[in-house]
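Number of protein chains: 2
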Amino acid sequence: MIILGVDPGLTRCGVGVIEAGASRRLSFIHVDVVRSAPEESQDLRLLTIFNGLSAKMDAFSPDAVSIERVFAQSNRNTVLGTAQAAGLAMLAAAQRGIPVALHTPTEAKLAISGNGKAEKIQMERMVTTILRLNQLPKPADAADALALAICHALRPGGALQGGEREQHLTAAQRQWTTASQKAARSRGVGRGM
Amino acid sequence: MIILGVDPGLTRCGVGVIEAGASRRLSFIHVDVVRSAPEESQDLRLLTIFNGLSAKMDAFSPDAVSIERVFAQSNRNTVLGTAQAAGLAMLAAAQRGIPVALHTPTEAKLAISGNGKAEKIQMERMVTTILRLNQLPKPADAADALALAICHALRPGGALQGGEREQHLTAAQRQWTTASQKAARSRGVGRGM
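Protein chains in written order, with UniProt numbering: chain H, 1 to 193; chain R, 1 to 193.
Read the hints as simulated data drawn from the structure, not as lab findings.
Remember, predicted model here, so these are calculated numbers, not experimental data.
Heads up, some of the hints might be wrong.
As the list claims (entries may be wrong) - Non-contacting residues of chain H with respect to chain R, defined by C-beta distances greater than 10 Å in every case (computed):
1) 22
2) 25
3) 30
4) 32
5) 76
6) 87
7) 88
8) 100
9) 115
10) 118
11) 122
12) 133
13) 134
14) 140
To be verified - Here chain H is said to cover these stretches of chain R; the calculated rule only asks that three of the stretch's residues, wherever they fall, bring their Cβ under 8 Å from a Cβ of chain H:
15) 73-84
16) 93-100
17) 127-138
Beta carbons are placed, not taken as given, at the ideal position from N, Cα and C, and that holds for glycine.
Can you build the whole structure from these sequences, using the hints too?
Structure (structure tokens):
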């Protein structure tokens with residue numbers, strides 16, 4: 001199962017692709033950042049991001065797209081552009097009939113590191129370890145997109161099941177199941193997004 | 001000059017089309033609401049809105065698209081969906097090479113009624129008068145999309161110039177020029193949107 005993670009942004013939109021294989025392993029496939037120039041008009045920036053994300057989906061034919069859930073109370077200066085980039089990722093997936101999942105940053109951190117408040121460098125190291133890379137993914141901020149893809153593979157009911165999934169979970173990571181279910185229950189509130 | 005106004009929303013996205021003619025008149029062409037079902041998943045809702053807006057642009061081949069500017073401090077329950085719908089309208093326009101303009105609700109109210117805090121019913125009546133319609137546009141909330149198109153036609157430097165434009169302006173409406181210029185100066189702050 002190929003999973004494409006998207007860390008949405010209007011200036012930098014991270015894309016990470018992994019394979020959750022029958023070999024019970026998560027494998028690295030690709031990481032990149034789709035960029036738009038802040039000096040361009042907003043409509044052209046959105047077009048650039050949309051074309052970039054569409055090209056990635058065409059190149060890797062993911063079975064699922066995992067996108068960071070954006071919250072209205074996020075950074076006021078960037079939240080609307082972030083929400084729009086997330087919307088474009090959803091649109092590009094929907095146009096191709098690819099299922100979309102939204103995961104919160106806390107869910108991703110818990111899934112990867114077992115700590116919902118993990119620091120950025122800790123997340124980058126764990127992504128590197130889980131995907132058995134020799135060095136941190138570059139550019140570094142693209143690790144978040146890989147984390148979203150991994151989070152989706154490790155989620156309850158996800159690509160890896162039962163014993164396979166247990167291999168990837170530390171005791172602490174199992175907290176994530178609880179947190180994730182809690183988030184799912186409170187999700188009704190955010191449906192207007 | 002054909003102008004297509006968009007009042008963005010994820011559940012209801014208003015579309016209004018007018019012509020700013022050489023006859024010094026603004027003429028009504030079309031009004032409608034593109035809808036998506038709240039019970040659908042967000043990615044499919046965005047696809048529905050995007051396809052609806054794209055179809056309108058193909059049907060009316062506007063020379064400009066005028067979209068309501070969304071602010072991060074808007075209603076938290078709907079702001080992200082509204083921003084995403086606005087983003088899709090920008091994307092659909094950019095894909096067709098149609099210039100995009102963003103106007104604030106205050107700009108639209110001042111342009112139409114001369115009052116930046118005009119009530120909804122006052123706006124609907126003024127839109128009806130300016131476009132010489134026999135009755136309020138239906139559905140009523142689509143009047144906002146027509147107001148955005150009219151606002152774009154009447155803006156300083158817009159489709160109607162000098163004497164032509166003066167015909168459409170009351171003394172009070174001229175306040176708008178000042179308010180609009182003020183908004184333009186402070187716009188740098190919102191560039192991250």
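### Message
Name the hints, by number, that the structure is in violation of.
### Response
5, 6, 7, 8 and 17
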